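S.K.: Turn these sequences into a full structure, and let the hints guide you.
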Amino acid sequence: MPLPETQIPQTIVTEFAEPAVSAEPVAAPPSAVRRFLRAKSSGRIADGGFAGVMVICALSIFVIVLLIIWVLVVNSKLSIHAFGWKFFGSQVWDPVSGDFGALPFIWGTVVSSLLAVAMAVPLALMVAIFLLEICPPFLRGPISFLTELLAAIPSVVYGLWGVFVLVPLIRDNVGPVLEKFLGWTGLFADPNFGVGMFTASVILAIMIFPVISSISRDVMRVVPVSQREAALALGATRWEMIRISILRNARIGIVGSVILGLGRALGETMAVTMVIGNHPDIVKNLFAPAYTLASVIANEFTEATGDLYLSALIEIGLALFLVTIVVNAIARLLVWAVTRGNTARAA
Amino acid sequence: MSTLPVRSSNMERMINVRRKSTNHLVTALAVVSTIIVLVPLVAVLGYLIYKGASSLNWAFFTHTPVPVGETGGGMANSIVGSGVVLGIASLMGIPLGIGAGVYLAEYGAGTIFGEAVRFTADVLNGVPSIVMGLAAYALIVAKQQHFSALAGGVALAIMMVPTITRTTEEMLRTVPHAVREAAFGLGIPKWRTILSISLRTASPGIITGCMLAFARVAGETAPLLFTAFGNQFWSLSLNQPIAALPLQIYEYALSPYDEWHRLAWAGALVLIVMIMVSVTLVRIFASRGALKGGQH
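Just so you know, the protein sequences line up as chains G and U, in that order. Quick note, the working numbering runs 157 ahead of the 1-based positions in the first sequence. Quick note, the working numbering runs 1334 ahead of the 1-based positions in the second sequence.
Since the hints were derived computationally from the structure, they do not count as laboratory data. Keep in mind that a hint or two might mislead.
[Unchecked claim] Across the chosen pairs, the derived CB separations fall in these ranges:
hint, chain 1, residue 1, chain 2, residue 2, range
1, G, Leu326, U, Thr1508, 43 to 53 Å
2, U, Thr1356, G, Val440, 11 to 21 Å
3, G, Lys337, U, Phe1453, 31 to 41 Å
[As the list claims (entries may be wrong)] With a cut-off of at most 20 Å between alpha-carbon atoms, the simulated DMTMM-like pairs for lysine to aspartate or glutamate come out as follows:
hint, chain 1, residue 1, chain 2, residue 2
4, U, Lys1354, G, Glu386
5, G, Lys441, G, Glu336
6, U, Lys1477, G, Glu460
7, U, Lys1354, G, Glu397
8, U, Lys1354, G, Asp464
9, U, Lys1477, G, Asp464
Keep in mind that this is a model prediction, so the values were computed, not measured. Ideal Cβ positions, reconstructed from N, Cα and C, are used throughout, including at glycine.
M.R.: Now the structure itself:
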């Protein structure tokens, strides 16, 4: 007998099949060292340790978000105490006398983002439809690659291009035309220096276009072929098929992509800072310079003197952070609500 | 008797004409939109190559910036500085992101904690980059009382984590469950299964995710404005302000000097080429991988 009978199945058991370990037929409990070695070879300690490390990684994401909130709240305490809610309703931004209000920046951020979304969404949906349904196959790859390239260009490069190409273009060519035809609305009026709300919105529209287009294309792609075929079989033209079966089925995801684009536009910093003119005013004229939440931080933070000034800027950052969280949450809720409605109707 | 069908066929014809013309109109609109969208892209890239290539020279890669009024000079310190900051960010962000992704796919699937982590990662993904800069400033710069490369790296690392987490999770989910079951059936412990089977099978997709996150933060300026801060001189110290390519482009673009504008264009071209090369590498890598990067 080369080995005690019980040992043979035991080694096999510990090495290869964990559940059977509990059923080991050993009478005397093995020593602590033995237990450790066995646990190690069966991977119980390693398993636990590995799972622990992964949980810590997952927890760190919570920690990061909580840390950001905590650090922003702590550092903006001064301004929160000094101004309270009035901070978000006041139009005054006077670092010299230490009076701060964020309303002009909120206005600039909201208006420029909404304008950008209004410009980008129709184009993005049309391009998505073109690439999916109309485009000849040999063009599909190159064009979708090119539109994705738009997303890979860094913000600061858009800003550079905006300063040297778009600003003169809008000042000298586009501006006068818009003034002539839409001047009566009061939205496009002199003086037009090229830098201002309108230019910033155009840059933002170019920047958020790839997000909206690629996500809505992905959503449209997953509409079942049978839906398209059903519409076509009923004699629908291509556009009717797109409207009835694709846009209708994919609208949830399309709304999601638009809101994601909006979120991107709200927080966009560098390109906007370089072309918006950076002047905290609330005016109707879109050619006038404006200011956004993100760009006031980018522009003034390193030069801010005094604790109250810094604290006010950090509170603006906190507001921006909370707004993006809310926008994201709304996107999720909307998607959830629409999905729920859909399944209810299908049932 | 006969009037009704005639009228209805007339109406039908009218309706059909309208339907067909709408169809053509929309098709035309889609084509025009695509052209409109491609114009700024071509304009940006074309102008960038035209302006950048004419200002690129050897000195750009070997010299540090010179004071106003002198010609020449380059961005050697910015290129190296960007590398340092991105290196710090990758060292911190990639392991953390992959770990969290592994948790979501292999341990936390369907649990409330897992859902919460996923939601938080999505939220973090949508947070503006400048807020990351503010947080890193308040956490590190304000405590140390000086700007540092480390703070810049931390800000970028925070930006990388959610992207990597979500791609890792999605890629791990594309690994067929049978593969894992086969490993368990052979008695391989779970950690070993994850490391050598799941992660390995999904690795092309995960590498794609890491590179995309890298490419995304490589061009970021806003989080570095008050963390890495920029530097006109050589510095490799993690504890000192360090130059970075996007920061230098920003500074030069807003300056009133033509010579600096020229350098800004050259810098932008170099930055874009660096990002494009990494994205293209990703595409090649992903198309060769076992799972084709998880794209179907």
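S.K.: If a hint holds in the structure, say so; if it does not, say that too.
M.R.: Verification of the hints:
1. G/Leu326 <-> U/Thr1508: 43 to 53 Å: 45 Å, holds
2. U/Thr1356 <-> G/Val440: 11 to 21 Å: 40 Å, violated
3. G/Lys337 <-> U/Phe1453: 31 to 41 Å: Given range 31 to 41 Å: violated, Cβ gap about 49 Å.
4. U/Lys1354 <-> G/Glu386: 18 Å, holds
5. G/Lys441 <-> G/Glu336: Measuring from Cα to Cα gives roughly 14 Å; hence the hint holds.
6. U/Lys1477 <-> G/Glu460: Roughly 18 Å between the alpha carbons, so the hint for U/Lys1477 and G/Glu460 holds.
7. U/Lys1354 <-> G/Glu397: Status holds; Cα separation ~10 Å.
8. U/Lys1354 <-> G/Asp464: Roughly 66 Å between the alpha carbons, so the hint for U/Lys1354 and G/Asp464 is violated.
9. U/Lys1477 <-> G/Asp464: Between U/Lys1477 and G/Asp464 the Cα gap is close to 15 Å, so the pair holds against 20 Å.
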